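Asker: Sequence:
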Amino acid sequence: MKLEVVEKYDSIVQQSDLISRDLSWLKFNVRVLDQSKKAHRSVFEKLKFLAITASNLDEFFMIRVGSLYNYLDYDKERVDYSGLREEPFKAKLMNESHAFHTDQHNHFSEVIMPELQSQGVILCNLSKLTEKEQEKVHDYFVKAIYPMLTPMVYDGYRTFPILMNKLLVFGVVTTSPGDRQDMRKMSFVQIPANIPRYFEIEREDSLLLIPIEEVIRENIVSLFRNVEIEGISLFRITRNGDFTLEESEDMDANFLEEVKRKLMERKSGRVVRIEIEEGYSKWMMNSLLERWNLKMDSVFLVKRASQIDFTGFWQIVGNKKFRERLPQIPDPVKPLSYQDEGLSDIFEVLKEKDILLHHPYNNIDSILDLVEKASEDPDVMAIKMTIYRLAKDSRITKALLKAAENGKHVSVLFEVKARFDEENNIREAKKLQKAGCFVIYGISHLKTHTKLLLIVKRDGGEITRFVHLGSGNYNEDTARLYTDIGLMTTNETLANDVSEFFNVITGHSMPSQYKNLITAPRDMRNQLIEYIEEEAEHARNGLPSGIFIKVNSLEDSEIIYALYRASQSGVTIKLIVRGICCIRPGRVGLSENIEVLSIVGDFLEHSRIYYFHNNGDTRTYAGSADMMVRSFDKRLEALFKVESPLLEQQLMNILAYNLRDNVNSYVMQEDGTYLAKHPVGDEPEFNVHREFFNLEAEHVMQVKLVN
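Residues 0 to 706 in numbering that gives the first Met the number 0 are what the sequence shown lists, from first letter to last.
Please keep in mind that the hints were generated in silico from the structure rather than gathered at the bench. None of these values were measured; they are calculated from a predicted model. Some hints here could point you the wrong way.
[To be verified] With a Cα cut of at most 30 Å, we get these calculated DSS-like pairs of lysine-lysine:
1) K514 <-> K456
2) K633 <-> K429
3) K319 <-> K36
4) K294 <-> K75
5) K456 <-> K430
6) K514 <-> K633
7) K676 <-> K633
8) K350 <-> K401
Please model the entire structure based on the sequences and the hints provided.
Answerer: Written out as structure tokens, the structure is:
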């Protein structure tokens, strides 16, 4: 793209009061890549973060760029927050994406590769092997790889094959002996996903990793006998994975079939990106661009010194030989609100007090144990639950199956539209349904993103309801890596609210109001704006005010403009936004009182906390909802109020610790860029991902956000 065009687009983007959601996301991935550049990290940690950036970028192209093509391909109008229309915005987005792609691959070639080699891990092709090692690799190819490869030719007699999303593919241009040049043909050899990415050879002092594509490249002539190979091009395509389910009043098998049909469409969706190795066949490339209706700005060139598809690095990171070279996570600690008081039964504990869980610093086992105990307790009558994502070998599924076997009423809403977990959720839901559970497969036009658990138990002559509300999934795998908030309680007000909300989800009920829940899509946006406006009113009247919010993403324009108005009224606003952030902090006349931090480090920040000072009568909420259009309008979400003084102080302390962090934090600038935060002068390092393992109740109770 010409320099003057880039500058013109940049000027338009900077004039907007809002930052583009997609451009903001790219800046988030820059922060993840920065983790791979941290000098204190081992090369295996660096490799892990590099793999994460690649997975992130894959999803970005599948969903966000795929969504953009839904407008471009059907001539639908779209004006981005940046102020750009469809084509100019695509040009800007691709320019930024290419810059990031270049940074990724330069970092790998210039930093990661030499550091790996210094650790005795060598990524190489077959030319670096001894003759005996080459024979070993060839034997592996003949026995394990060759039978799995299927050359697919495209010519006047055969249709163009469906090339799978995100698989490495060799494009081979061939001619028969004596053919004219215009008689050449294209063939494609896909590398199956179930072949390990690297072939490992151990030497006394090193481990050699040979990319599987190099093994195939060396032997590819065996797939094309008695023809002339004109060119071999290694590439990888990314397809549009964005789909919207048509609204339907039918909530039976037709809905599931619609989900399955859309999943099949994803496999053959529109191509939105081509990653290809340098030295490719220009004839083949021109043919692919014409077939897929793409321009060269959708082509990402990879040098031979680098590799296509960094997601393959997970094989190296996960190698048991290197496990000790990754940082060891301290053992979880007991929640402050649940110290050892001689009560071993979790049901008895919850009758005495509420428990606030902060994962991964507190173990998710408290929740899993609660569900498992409930599944076998003869006094438990019912278990109701919403499920968005589960671990592969989920203890939750097993416990719910056991509960059904034991004759308890089990109601489960399985969100089958959880992106990229659709098939697993359908499979798990069917297991429960066969066992006799009442299963709801989501609601057609809404995603159920709220995290709720309700257990109904006979307690002598009374009924006690045990409730869990959280920000994270009931997933024991991600709970070790994601920071999340959970509340376990028998509070009657919350229990009534949750019971009402389950009736909304599973039946046809419209309660007039909730007491301690704020729910979407009905009233969450309006309620939050009301709280923001009340803070602004306090500030205008000279009263103490303050808004402190921690979320994954901030994108809703109505919320953003409410925050701008509050800032202009003098409210101190501190936002901790891990990923997408469309607000502009610190703009003169607009948002001088708004500060934004992003925390990216060893754990993925996933908790949501909302604190409004309210002139000392504080309002503190946690839950599943970000401040996004989809959260307010297209999802079933819930924020729950925390009233217990200790638990509210814990949430305030989480916000305070996040604001103190100077190891994992990035400060957002008015132009949408981010600067890493470092200790100033003699200030000690404060790593939020370590400090939460050393909490003391006395310190927590002293925390103030507004003086």
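Asker: Take the hints in turn and mark each one as holding or not.
Answerer: Each hint tested on the structure:
1. K514 <-> K456: 23 Å, holds
2. K633 <-> K429: Satisfied, since the Cα-Cα distance of roughly 25 Å is no more than 30 Å.
3. K319 <-> K36: 23 Å, holds
4. K294 <-> K75: 19 Å, holds
5. K456 <-> K430: Within the cut-off at roughly 25 Å; holds.
6. K514 <-> K633: 22 Å, holds
7. K676 <-> K633: 35 Å, violated
8. K350 <-> K401: Judged against 30 Å, a Cα distance of about 24 Å means the pair holds.
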